[in-house]
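Novice: Residues per chain are reported as follows:
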Amino acid sequence: MTYLAKPKLLSADAPKNALGYTRRDYEGAISTLCAGCGHDSISASIVQACFDLDIEPHKVAKLSGIGCSSKTPDYFLGNSHGFNSVHGRMPSVLTGAALANRNLLYLGVSGDGDSASIGIGQFAHAMRRGVNMTYIVENNGVYGLTKGQFSATADKGSKSKKGVLNSDSPIDLAALALQLGATYVARSFSGDKEQLVPLIKGALRHNGPALIDVLSPCVTFNNHSGSTRSYDYVRQHNEAVNRVEVILPRDPIETSYPPGSLRRIVQHDGSILHLRKLDVDYDPSDRIGAINHLQERHALGEIVTGLLYVDSSAQDMHSHLNTVEKPLNQLGDAYLCPGSKALEALNALLR
Amino acid sequence: MKSAQSIASINDFVIKFANVNGSGSASANELFARAVMRMGVPVAPRNIFPSNIQGLPTWYEVRVSEAGWLGARGGCDMMIAMNPQTWDRDVASLDAGGYLFYDSTKPMPASKFRDDITVLGVPLTAMCNREYTDPRQRQLFKNVMYVGALIALLDMEFGVAEALIVDRYRGKDPLIQANVHALRLGYDYVRAYLPCPIGLTIRRADAVGDRIFIDGNSACGLGAVYGGATVTGWYPITPSTSVIESFTSYCRKYRTDPDSGHARYAAVQAEDELASIGMVIGAAWNGARAFTATSGPGISLMQEFFGLAYFAEIPAVIFDVQRGSPSTGMPTKTQQSDLLACAYASHGDTRHVLLFPENPYECFTFGALAFDLADRLQTPVFVLSDLDMGMNESLCKPFDWDDSRRYDRGKLMTYEELEAGKDFGRYLDVDGDGIPYRTIPGTHPTKGAYFTRGTTRNAYAKYSESGADYVYNMERLRRKFDTAKNLVPAPVLHAASQPTRFGAIHYGSTSPAMAEASALLEADGIHVDTLRVCGFPFCDEIMQFIADHEQVFVVEQNESGQLRSLLINEGEIDPKKLVRVLHYDGSPITARFISSRIADALSDRKISPIRKVAS
Ligand SMILES: Cc1ncc(C[n+]2csc(CCOP(=O)(O)OP(=O)(O)O)c2C)c(N)n1
Ligand code: SF4
Ligand SMILES: [Mg+2]
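Residue numbers (the numbering used here), protein chains in the order written: chain A, 216 to 566; chain B, 101 to 715.
For the record, the hints were derived by calculation from the structure and aren't laboratory data. The structure presented is a predicted model; accordingly, all values stated were derived computationally and were not measured. A few of these clues could be false.
[Stated by the list, open to error] Once the Cα atoms are required to be at most 16 Å apart in a straight line, the calculated EDC-like pairs of lysine to aspartate or glutamate come out as:
| no. | chain 1 | residue 1 | chain 2 | residue 2 |
| --- | --- | --- | --- | --- |
| 1 | A | 374 | A | 447 |
| 2 | A | 556 | B | 502 |
| 3 | B | 353 | A | 559 |
Full structure from sequences and hints, please.
Specialist: Encoded structure:
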């Protein structure tokens, strides 16, 4: 841990986005994670994605559970409100926040223990409910903060640092999210920013539950040989199905890819996902195909990454609930309180 | 079989209907209760039902009391014995001189009756079989028929019940005719074949006034609407579910945007109580007024979140409709046994604000107030109701609302204040009342954002493991709790007719039985001042009341004396001073129970006068 204040060195020519913010305006407090922890790279990718998308930091609410991963929202988007809630329960807190104000962007950050072990129930139900959020699982196969116990995503047969073999079957959160109705599902690797940043951007612009399962090695407890979550293992077994580029409506559309290798998906808000196919047969609009693909490849020991599934016409929880367009937390007394006249009429019915 | 000393009483007795769950008796029984009320005589009906949907015994007890006693009285003057399964029990439960009404289609051996009661047989099944072919109709109209019989037996006005039927089925003429016909059959039979009226009669009075008749859960749901709640996360559990049903149905009525048809509220059925309270906390953190309704088991599951909300200082409203626990069975019975679980809910040094409504009127007013208090104090606020109050309709003052009242959103720092450079420390005690300022996410592009976590932080919400920062925070939370003392509703004192050394403290649904018990005791020359506690933390007035009396009875509906423990702990009271009066068999506490316990305790102490009250 270090308590050094961040140097306020701002070079005059630091690039600015359309809002006039530099990347620094999207950073947070200095990280207290172990040097080399995958989670820090994910924080950097989140900063990059928000900068690129010209997101106003205060229009983002970042929520997390408990764990090393769940501490990270303190380390990015310092001008956004954040909520480090309780272990495994971020999805419900985020759901409530999203109910209160449909106009903010909701970014949920969780760990594999937080989401697949203690929190699997809330994880599942938030996906089912169609909460409009970007849900990032920083998946290292262990409980980092409690010093290296297996989590529920650890592969069967993988070995802990202390040499214990994991005999339980793993939970694949991406496959689960697909089955439960998430409308944007991706997997990536903390060490591959080029793949991860566009996936986060696409998720932030998605209208519905977007899950990104990010393999994020724990250098302290799960980076040894015998682990299936180490940097080396993930690099060697990573099989990307596609590469994504996110194009905003305002951007000029130019592409140099040969026809047939590119797929163009327009999301609800007008943003365009350009998908360069790496696996020509892979269809990211086929939910069942995606589930099958994940399972087949997992059986072969491969880690499938990329944008696994997207439903560009997804609807979110607010449209299911038919709530008013104005955020509920901004409705004034007059919109909420029926007043004394209504009460008198009601009294008359109750006699 | 008529005994000499049959009970004789006008407008003051208890009738119990013994039915089978799911037989459609509820609406007929309610018709009877409403007919009594329409004759200007107050009633206090109570359902006693099993944790089951169909086939098990249920009872509906109607207390008729022109004097206006709304608590359970105890005893039974007339039994409408419609359930063969519970016959023996029902017959045995009648007071001597009482009346037994039954379906005399099948002859019953004399051994099945008692010789100190009046037996009134009407061949209901035979009459129904003659009249109807459809089995469901036979069942439903049998119920209406016994109401008709009662109208005659108690000398009530037939037209009153008839008018209620017309009101209920307005626009459905065939239904009106069929129901009135069944009512008439029962009525005519009694007039032709039984001596009537019996000793119990209803005489038109003017004792109901402008009062309304509603259950506490409906009133809580309405209170949440008036209190400005926009978000609820909930999970079904008896006896709290109807709080949410009420909220959503009043919202459909009052909170549907007239232009767009969109909802100005969101109700989400969660996957469990952990998620329901999580949603409430997330919504409240984000500036919406949010609540949940639950009962004991849900309170248990929510514990961790209560602690988080307490330390993260998030307003949340929880309606806890208390019941017997755990599992099924006792859960459809009433208790006040969650008091301690709520007062000190969660790990760490937590204490919570509690409100104790006594009836549906207060379920509404305290329900709405809870949202102001939660925002003002930035903490969870619990409204503690119970099954008796929540699920039974009761007469109460009509609801009122002051249109000039504005929601108190508490200390919110605004965009303008932040822009003007006002210092913002999320956990800083600026005003000395322990309550800090908060910002809602999205308030200002570059100022006022903070990271919410449990306790590990300084007054500016920056991560800190320093002991001094922790202590500062805990001392501020203690000051905040002291501030709450004078914001919760004040206790209600009922002084005895003479100065007395004895007091009684009670809360919630015990109130009507306590009021009547005081009157019973007074009639026997025993004087007890009573104080109804309406909120926690306890204000000084409560401690003063204890100090002013030599002996204080604490009357409550649980086994361990939870209110008593809370008083002892918070007020540093000598335990010997507080005497337990505890009722916890799952039935609502009665006036007879309270008065006899107090009278016994005082006679043990050789306090004169020591005449014993009937129990
Ligand atoms: C109710 C509860 N139980 C246990 C803990 C202890 N705990 C803290 S973090 C954690 C595991 C975190 O694992 P993961 O979500 O994978 O995060 P990582 O640290 O690996 O990023 C546990 C069990 C807790 N905080 N709360
Ligand atoms: S323990 Fe592991 S997960 Fe936690 S900060 Fe260190 S490397 Fe990262
Ligand atoms: Mg982990």
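Novice: Determine for every hint whether it applies to the structure shown.
Specialist: Cross-check of the supplied hints:
no., hint, in the structure
1, A:374 to A:447, "holds (15 Å)"
2, A:556 to B:502, "holds (10 Å)"
3, B:353 to A:559, "holds (15 Å)"
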